[in-house]
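Quick note, the sequences are listed as chains G, V and E, same order.
Just so you know, we're using numbering that gives the first Met the number 0 here: the first sequence kicks off at 0 and counts up by one.
Just so you know, we're using numbering that gives the first Met the number 0 here: the second sequence kicks off at 0 and counts up by one.
Just so you know, we're using numbering that gives the first Met the number 0 here: the third sequence kicks off at 0 and counts up by one.
Source of the hints: derived by calculation from the structure; they are not laboratory data.
Heads up, some of the hints might be wrong.
Said to hold, decoys possible - If you want the ones that stay clear, here's a sample from chain E, every Cβ over 10 Å from chain G, calculated:
hint, residue
1, VAL31
2, LEU32
3, GLU42
4, LYS86
5, THR117
6, GLN127
7, ARG152
8, ASP164
9, LYS238
To be verified - Listed below are the simulated BS3-like cross-link pairs for lysine-lysine, each with C-alpha atoms no more than 25 Å apart in a straight line:
hint, chain 1, residue 1, chain 2, residue 2
10, G, LYS97, G, LYS148
11, V, LYS122, E, LYS177
12, E, LYS45, E, LYS238
13, E, LYS26, G, LYS148
14, V, LYS223, E, LYS45
15, G, LYS169, G, LYS195
16, V, LYS175, V, LYS130
17, G, LYS203, E, LYS233
18, G, LYS203, E, LYS238
19, E, LYS5, E, LYS26
20, E, LYS224, G, LYS32
21, E, LYS45, E, LYS86
22, E, LYS238, G, LYS148
23, E, LYS177, V, LYS186
24, G, LYS203, E, LYS5
25, V, LYS200, E, LYS99
26, V, LYS200, V, LYS129
27, G, LYS103, G, LYS175
28, V, LYS163, V, LYS35
29, V, LYS200, V, LYS130
30, G, LYS119, E, LYS86
31, G, LYS32, G, LYS119
32, E, LYS45, G, LYS32
33, V, LYS176, V, LYS54
34, G, LYS140, G, LYS175
35, V, LYS186, V, LYS200
36, V, LYS122, V, LYS186
37, E, LYS224, V, LYS129
38, G, LYS32, E, LYS220
39, E, LYS113, G, LYS148
40, E, LYS231, G, LYS148
Every residue gets a Cβ at the ideal spot worked out from N, C-alpha and C, and that includes glycine.
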Amino acid sequence: MNYFENRQIVTPGELLAEGDYIAGNNTYRIGNKIYASRLGLVEYQGKTVQVIALNSVYIPSPGDQVIGRIEDVNVNGWVVDINSPYKALLRVVDAINKPFKQQKDDLTSFLDVGDLILAKVIAFDRTMDPLLTIREPGLGKITQGQIVKVSPAKIPRIIGRRASMINLLKRETECKITVGQNGIILVSGPTPEHEKLAILAIEKIAQEAHTSGLTDRIAEMIRREKG
Amino acid sequence: MSSIITSRIRQRQIYQMIASGKRLDGRGLTEYRPIKVEMGIIERAEGSARVLLGKTEVIAGVKVELGEPFPDRPSEGSFTVNSEFMPLASPEFEPGPPDENAIELARVVDRGIRESHAIDLEKLCLIPGKKVYVLFIDIYALNHDGNLIDASALAALAALMNTKLPVYVAEGGEIKKTSEYMPLPIKNYPVTVTFANIGDKMVVDPWLEEEEVMSARLTVAVDKDDKICALQKGGGGALTPQQILEAVQIAREKAKELRRLVVGNLG
Amino acid sequence: MSGKVKLINENGLRIDGRRPNELRPIKIEVGVLSNADGSAYIEQGKSKTLAAVYGPRELHPRHLALSDRAILRCRYHMATFSVEERKPPAPTRREIELSKVIREALEPAVFLEKFPRTSIDIFIEVLQADGGTRCIGTTAAALALADAGIPMRDLVAACAVGKVDGVLVLDLNDIEDKEGEADMPVAYMPSLGQISLLQMNGTLTYEEFNQALNLALEGCKQIYKLQKEALKAKYVAIKEEVETCLQS
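Just chain G, with the same shape it has in the complex (with noise of 0.2 Å):
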């Protein structure tokens, strides 16, 4: 038996569906009621029940692809703030091609306190700070462009159904849009006022995510926007 209508708002502690259910995420189980842990949209898909968190912190997870500042930089590597409550490392081995010696070549020319980069989660258990590569092709050093900064509770959303919004966004505004898993976006465009309106869709996806319709709106809006 299901408690609420599919996509409506459900706080931690609300029995979701009581009988012969899956708990999925952001819910839990007691005996045969599946309660919610997180605030969210409630979603009923055959028998499996899940809420999709409305605001939720990133907790890494290998694959991601994230955007990252560096913070420190040690004799092994670069210490990455990914916008977790779990600091990344950078080893040299997975950002350098070429063999490094310690003793003469100097880290800081690499990558630097500040700069920002564009990369990929290999390693992470709770045990293990969560551990990252550039050395794959398009991830490294980001040179240009503008950070937009989202719940990452919100990336699924910006991304879209088989990537339906992020490509209507980056045809619409004519901007290179990187998505990073932690909630951090990259725009760069052909001109400042054209990343404006691409952080302006992207802010509204944020702010409306939990409504439906939001494509047609995102389009009609940029379209508006644009005159």
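Place chains V and E on chain G using the hints.
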């Protein structure tokens, strides 16, 4: 939190025993460890007592001074309860000002004494608005083997019962101390009964290992008329209303046992 | 205790006109501070309290970190101007104790094991005190935790019950607290049916205690309902605005 953290296997044993209605040290679920109360052990203090609760050991001393009354209670004496967890009492305790646990303990003991009106504060006034007796009840944990609260509340009550007030006389507007002493006027005899919730069972007088595995703690202060005069839930777990109601009933019975140790049968 | 002030009148109404089992008017707002990860503000009668949550975040000093769970920290603090006579800013023994019991009231609700080695920090600021501030602080902090997106078993709703002029009353104000015969704050997780904060000052018989506990739970359930509405209100407002725009 290092040396005395209870191992997983030990935790399981404690849970299993309690689930079957017994405890690792052989006690029943509502049974206290052996208790010994000694009074008047510190001659320099106006009142003192030592309580041994199993291996838990606590000492309480009462010092009496003259002071001004609180403006809102001009004709009443006053008292404060302080508690310190001395570093010699446990590898967990460190020197320094009282931490939140010591402060909580002192405030729970204070509440029991204050709310039951154990001390007849109106009789502690020498000159209304000017001079009253001020009592300092200081509690030191000497050896921590669990349930410092009950040991401390009992030690505080015993120390108060043992307290002698120096007699003062007024001479030409001045107050002078005489060589006489009188007993502290006591009206009530509050004691506390503490429970640990372990695997949904409430056990009385938890010892150290039980405190380490308990989810929540409940302290019930009971006065001589079986009334509840303070409550305090502690620990990072929760209790059902039913568990609390049952514990309060048990506490009223257990409180009589504890009180008898200090008061004899006059309470 | 003095019995000088008459707290219940001949019609059985309280000093502020309430019936014994009636809460004060409550106003709740969620998400009021932009820097915090979660926040809430509650006005209950004349008591005004803010709560903010930061975290889960990297823990300083790091040696306090636990390898299997987050640690929850809580600071309950009263503003110097929140009471009649200025309160010194340094934490009092009362504030230290209340910080502890509030933390322990919220701890069973939070899935701390999801965020090992981090801290979740709760700050409660009492801006104006007129009784019940530990309960209001607990209620607000639970909302701030939920607003921060922290996984929880349930919200925690808190409410005090007391005895004044021999009558059990809900949600005491300051005079009732000071002059009454008993004051018992309770925090409750209604979906789980569990009590996570319980304190009592004063004297009650077992029967009175039993009734008082039930009355407190009724109060907590009413507050729980308001908490849920307040959490949803922010998002519902946006949703409704969008839908009205679509229709026009």
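Quick rundown of the hints versus the structure:
1. VAL31: VAL31(E) is indeed farther than 10 Å from all Cβ atoms of chain G, at 14 Å.
2. LEU32: holds (14 Å)
3. GLU42: holds (21 Å)
4. LYS86: Correct as stated: the minimum Cβ-Cβ distance to chain G is 33 Å, above 10 Å.
5. THR117: Answer for THR117(E): violated, closest chain G Cβ roughly 4 Å.
6. GLN127: holds (27 Å)
7. ARG152: The claim breaks: ARG152(E) does not keep its Cβ more than 10 Å from every Cβ of chain G (closest is about 6 Å).
8. ASP164: holds (36 Å)
9. LYS238: violated (5 Å)
10. LYS97(G) <-> LYS148(G): Violated. LYS97(G) to LYS148(G) sits at ~34 Å, over the 25 Å cutoff.
11. LYS122(V) <-> LYS177(E): Holds, at roughly 22 Å.
12. LYS45(E) <-> LYS238(E): violated (32 Å)
13. LYS26(E) <-> LYS148(G): It is violated: about 31 Å lies between the C-alpha atoms, which goes past 25 Å.
14. LYS223(V) <-> LYS45(E): violated (38 Å)
15. LYS169(G) <-> LYS195(G): holds (13 Å)
16. LYS175(V) <-> LYS130(V): holds (12 Å)
17. LYS203(G) <-> LYS233(E): holds (15 Å)
18. LYS203(G) <-> LYS238(E): Holds, because 12 Å separates the two Cα atoms, which is no more than 25 Å.
19. LYS5(E) <-> LYS26(E): violated (28 Å)
20. LYS224(E) <-> LYS32(G): holds (20 Å)
21. LYS45(E) <-> LYS86(E): Holds, at about 18 Å.
22. LYS238(E) <-> LYS148(G): holds (22 Å)
23. LYS177(E) <-> LYS186(V): holds (22 Å)
24. LYS203(G) <-> LYS5(E): violated (56 Å)
25. LYS200(V) <-> LYS99(E): Status holds; Cα separation ~24 Å.
26. LYS200(V) <-> LYS129(V): violated (52 Å)
27. LYS103(G) <-> LYS175(G): Roughly 37 Å between the alpha carbons, so the hint for LYS103(G) and LYS175(G) is violated.
28. LYS163(V) <-> LYS35(V): holds (22 Å)
29. LYS200(V) <-> LYS130(V): Distance of about 50 Å is beyond 25 Å: violated.
30. LYS119(G) <-> LYS86(E): At roughly 51 Å apart (the allowed maximum being 25 Å), LYS86(E) and LYS119(G) break the hint.
31. LYS32(G) <-> LYS119(G): This hinted pair is violated, its Cα atoms lying about 38 Å apart.
32. LYS45(E) <-> LYS32(G): violated (39 Å)
33. LYS176(V) <-> LYS54(V): Judged against 25 Å, a Cα distance of about 40 Å means the pair is violated.
34. LYS140(G) <-> LYS175(G): holds (16 Å)
35. LYS186(V) <-> LYS200(V): With Cα atoms ~35 Å apart, LYS186(V) and LYS200(V) exceed 25 Å; violated.
36. LYS122(V) <-> LYS186(V): Given pair LYS122(V), LYS186(V) holds - Cα atoms ~11 Å apart, limit 25 Å.
37. LYS224(E) <-> LYS129(V): violated (52 Å)
38. LYS32(G) <-> LYS220(E): holds (20 Å)
39. LYS113(E) <-> LYS148(G): Measuring from Cα to Cα gives roughly 23 Å; hence the hint holds.
40. LYS231(E) <-> LYS148(G): holds (23 Å)
In the structure shown, a violation is registered for the earlier hints numbered 5, 7, 9, 10, 12, 13, 14, 19, 24, 26, 27, 29, 30, 31, 32, 33, 35 and 37, in ascending order.
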